[in-house]
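*Asks:* Whenever a hint applies, use it, and build me the whole structure from the sequences.
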Amino acid sequence: MSLARRIIPCLDTDGERVVKGVNFVNLRDAGDPAALAARYNIEGADELVVLDIAASRDHRPTFLETIRRVAAELAIPLTAGGGVANVDEGRAILRAGADKLTVNTAAIRNPTLLTSLAAEFGSQAVVLAIDAKRVGNRWEAFVRGGSVPTGMDAVAWAHQGVDCGAGEILITSMDKDGTRSGFDCPLTAAISRAVSVPVIASGGADTPETFLEVFLEGRADAALAASIFHDSIQGLGALKRYLAENGVSVRQTG
Amino acid sequence: MNIALVEYGAGNLPSVERALSKLGVESRRASTPEALAGCDAMILPGVGHFGALMRSLGERSLVKPLREAVSRGTPLLGICLGLQAMFTTSDEAPGDAGLALFPQKVSALPPADRLPHMGWNQLRRARPSKLLEGVPADAYFYFAHSYAALDAGEAGVAYCDHCAPFVAVLEQGIVFATQFHPEKSGPVGAQILSNFVRQAGNKG
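Chains as they are written, first to last, in our numbering: chain A, 539 to 792; chain B, 858 to 1061.
Don't read these hints as lab results, they were simulated from the structure. Predicted model, so just to flag it, every value in this text is computed and none were measured. Just so it is clear, CB atoms sit at the ideal spot from N, CA and C, and this is done for glycine as well. Check the hints yourself; a few may be wrong.
Label-pair restraints from in silico Cβ distances [unchecked claim]: (1) B:Ala894 with A:Asp701: 42 to 48 Å; (2) A:Arg629 with B:Arg984: 38 to 44 Å; (3) B:Gln1029 with A:Arg606: 33 to 39 Å.
*Replies:* This is the structure in structure tokens:
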């Protein structure tokens, strides 16, 4: 008996539709979030993440409606985020039906936001999302959808974020994102060693072997992927069977 | 059947409501003593902070009506923080009294592994359980917490191990609780809710 490693499909949306791109650019339409959510709920996803990557204030009511539509399809946990800048916006996302919320740019500008969110909703509801890119011999955190460098060391920021109240880290490798060349295991392992909370690895998912690597070498507690699931390149059931056969504890559904 | 979902300003009411409605079971929200009176069964969902939950129940004058309804024999299901609220105190908020339906306390899980305990885990069954009827022995349930009851005496019917063994399912007479979230635990979670509703229907 042990805690299962989680497989998490991610719906990147423009607030309303699922979109996808490579290295955060060249976005194109990839479907209806509620329809994909319903599919993943049945196929055995352990959790779902839905992000508003546009995160424009004008579209916020649309995104909240998207969260409601997605949550209505799920009997598994839902994490949502994109542009959350204060406790009220966090509350709106949770009230719309998310169990956890992600924060990124606003937390780097003001780390006490993590503390306020944790005090209000509990650390278990606060996921610190970090977009990291290799710069020289370290990883640097980027904000605003990966467009703006912060000069901050991603590993040090993860550690500080947990001290401030984050209950989970979602680490996205910008170098790997959208490339289907495997997760960034050294980055994920460095984050995992630096923090006491669960770590979700993101960016670069491809074959079942890449998931096995990020669980073993990357020490990830969960692995997130988008297009390989949306495009049915990889089925959730087959992925979990492969992981189980290779000694990774996973929740298998039928 | 008239199932009251105890509403105290936080928590995960909509997802519990949705899970019940998928079972064909109607529920209504209860945030006042009047709304709680006359229900056939109660569900206390919970997400967040022990102190905030107990203070919020206090502000709505719901602590005494909840306890009295239980002593009258109204079945109660606590979920996650709703399980923790059934104990006397919690390490999370040492100054705040719980519902004290059980004499033990809620402890911070020791940091022997990653915390919060977040994700899907299995159960170790200790005693026969009505909530777990028809649920496969190796089923996984969704947990998200850092505090837990390490002991509930005879009421502890199933345990989970993460950082320490802790009570995952609690049953004593008409009082039921799970540390995991049945409303987030897929088909096996739905089975648990269905078992509770059936027990609640049978109690009279």
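*Asks:* May I ask which of the numbered hints given earlier this structure violates, with the numbers listed in increasing order?
*Replies:* none
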